[in-house]
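Enquirer: Each chain, letter by letter, is given below.
Number of protein chains: 2
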Amino acid sequence: MIRVIEAGPRDGLQNQSEQIPTAKKLQFIHTLADAGYQEIEATSFVHPKWIPQLGDCEEVCRNLPCREGLTYTVLVPNMKGLERALACDVQRVAIFTAASESFSQKNTNRSIEDALVDFASLIPRATGSGVSVRGYISTCFVCPFEGEIQPEAVLRVCDRLFELGVDEVSLGDTVGHATPNDIEKLLSLLLPRFPAERLALHLHDTCGTALANVLRGLQMGIRTFDASAGGLGGCPYAPGASGNVSSEDLLYMLHRMGYETGVDAQIVARAARELGLPLSSHQQQLPQLPAPKRKNRPLKDGSH
Amino acid sequence: MIRVIEAGPRDGLQNQSEQIPTAKKLQFIHTLADAGYQEIEATSFVHPKWIPQLGDCEEVCRNLPCREGLTYTVLVPNMKGLERALACDVQRVAIFTAASESFSQKNTNRSIEDALVDFASLIPRATGSGVSVRGYISTCFVCPFEGEIQPEAVLRVCDRLFELGVDEVSLGDTVGHATPNDIEKLLSLLLPRFPAERLALHLHDTCGTALANVLRGLQMGIRTFDASAGGLGGCPYAPGASGNVSSEDLLYMLHRMGYETGVDAQIVARAARELGLPLSSHQQQLPQLPAPKRKNRPLKDGSH
Chain A
82 MIRVIEAGPR DGLQNQSEQI PTAKKLQFIH TLADAGYQEI EATSFVHPKW IPQLGDCEEV
142 CRNLPCREGL TYTVLVPNMK GLERALACDV QRVAIFTAAS ESFSQKNTNR SIEDALVDFA
202 SLIPRATGSG VSVRGYISTC FVCPFEGEIQ PEAVLRVCDR LFELGVDEVS LGDTVGHATP
262 NDIEKLLSLL LPRFPAERLA LHLHDTCGTA LANVLRGLQM GIRTFDASAG GLGGCPYAPG
322 ASGNVSSEDL LYMLHRMGYE TGVDAQIVAR AARELGLPLS SHQQQLPQLP APKRKNRPLK
382 DGSH
Chain W
82 MIRVIEAGPR DGLQNQSEQI PTAKKLQFIH TLADAGYQEI EATSFVHPKW IPQLGDCEEV
142 CRNLPCREGL TYTVLVPNMK GLERALACDV QRVAIFTAAS ESFSQKNTNR SIEDALVDFA
202 SLIPRATGSG VSVRGYISTC FVCPFEGEIQ PEAVLRVCDR LFELGVDEVS LGDTVGHATP
262 NDIEKLLSLL LPRFPAERLA LHLHDTCGTA LANVLRGLQM GIRTFDASAG GLGGCPYAPG
322 ASGNVSSEDL LYMLHRMGYE TGVDAQIVAR AARELGLPLS SHQQQLPQLP APKRKNRPLK
382 DGSH
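Chains as they are written, first to last, in my numbering: chain A, 82 to 385; chain W, 82 to 385.
Hints in this document: simulated from the structure, not taken from any laboratory. Hints may contain errors.
The list cannot tell twin chains apart, which means a pair is met if one copy fits it or any two copies do.
[Claimed, not checked] Cross-link-like lysine to any residue pairs, in silico, SDA-like; alpha carbons within 20 Å at most:
(1) K266 x H336
(2) K105 x N190
(3) K130 x S202
(4) K130 x I101
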């Protein structure tokens, strides 16, 4: 069983240039919930000054559809965000820092150490309220400002996050430049220290290598992958901001490889289409096969 | 050392709806030759009634730029095509059939057996003239008309092609539906019979799995991959006609994984751009990193 975590409502929608109406977001989440996910990242409690796209996080949280076996996660940047999230009765929160000092500074205006110090009070406050905590580490492979990131830098942050009480760490290829050898190198360092079921891969598909990286992760024992319906997330022209690996493309590969996920890829694809946004996933461009028209026409084009 | 065979001038351009001027094709091939390829599939001698896009194959052949260590291949459908190719002093030809009977009928108006019978006279005629022969097998995994193809069907055709005198067989995922387990299943059957250096993978990226499939092929010992600059080849809305895996995306992954190819990915990407056609490859959409503008702007968006 592979756990695919749907990050579209948060990681996908936070990068849209236009404001999506709350009702449309909730419709998106409803359809995703119908698809059978165990976990959906619903929104973010980052200050609306920084992400106006998710300024309706309270309203979204108050209207999430209940489904047996489905947990919603919300992103919280700091204690203030956590308190707002707790007031909305969230089940699970995600915190985030980076493996690259420069990225931490640019993305959150604070050092990795300052983030970890904050988390030392934030995490117990969450878990003490019965809310579990997931940790994200951005730029685990390549940083848009520093370039190559050493796996040891990821290990240090990972170690601290688990010590502080997160139950899972999601390893982010934020700029989407990793290739399977990078996945192998990092996991070779982490897996002797942490159980595979506590690690997730959060891959972006900037260079088209996301599914190859998923394969390497699978081969090494990773069973949790973050993805975004439709491949939503970021403009391909913005540095380091390409979309997450598309949920339906990931589900296609996993299902055809014989893995079970419990998620219906067709419903996920429909959820993404209902948003009416441009979608980058391959499955959205896929023709129906076999194609009746082609059946009666000799092609003779030497296709292979 | 990985051998990447550039198929863009043939497999890419044969699927364009507009007629590309011969001079532009030759410019494309010139730039690809400058990139350092060992092998480029330059054109096809399929009758222009079926592929008007490559009706200028003779003119293209007569003007191919010579480069030390570079061989050009041309596609030939039958003896007549071979004779036309031989008259142009070609170095290497490629013949094609399929693993699926229905696809063979639709694509070439003849059965697999009829094709093999033709090849029994075509191949000796080519090799007797000092021209080597590559064999393509289409629909090695999924056929748009029959669905799943059994690896045994591929084995039978592969066996015959080698018996008849081809020096290499390229295994085509024509509709681009294969996933890494399909690659593994087929290669597990073929590799005990044929040396890995006689097999190539010819992958299309319809479902976004091409690079994951390349990875599985690499892991199993395959060292030759066909690709197309810019990911050219076919309209995403035409059933089974999506583009080849993009050469520059493939080269990016291979080079970052530490493999040598002798090919300059930047020059390949430039060759594709010079055509002025829409390109599907990830590398063509890639921003330059690090991006100076972003350096001075805090993002604070919780990106990972």
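Enquirer: Now tell me, hint by hint, if it's right for this structure.
Expert: Here is how each hint holds up against the structure:
In this homomeric assembly, K266 and H336 come within 20 Å of each other (Cα to Cα) only across copies, at 16 Å, whereas the closest approach inside a single copy is 26 Å. Taking identical chains as interchangeable, the C-alpha atoms of K105 and N190 are never at most 20 Å apart, the minima being 31 Å within one chain and 50 Å between chains. In this homomeric assembly, K130 and S202 never come within 20 Å of each other (Cα to Cα): the closest approach is 24 Å inside a single copy and 74 Å across copies. When the C-alpha separation of K130 and I101 is checked against a cutoff of 20 Å, the pair qualifies only within one copy, where the shortest distance is 16 Å, while the shortest distance between copies is 50 Å.
Of the numbered hints stated above, those contradicted by the structure are hints 2, 3, listed in ascending order.
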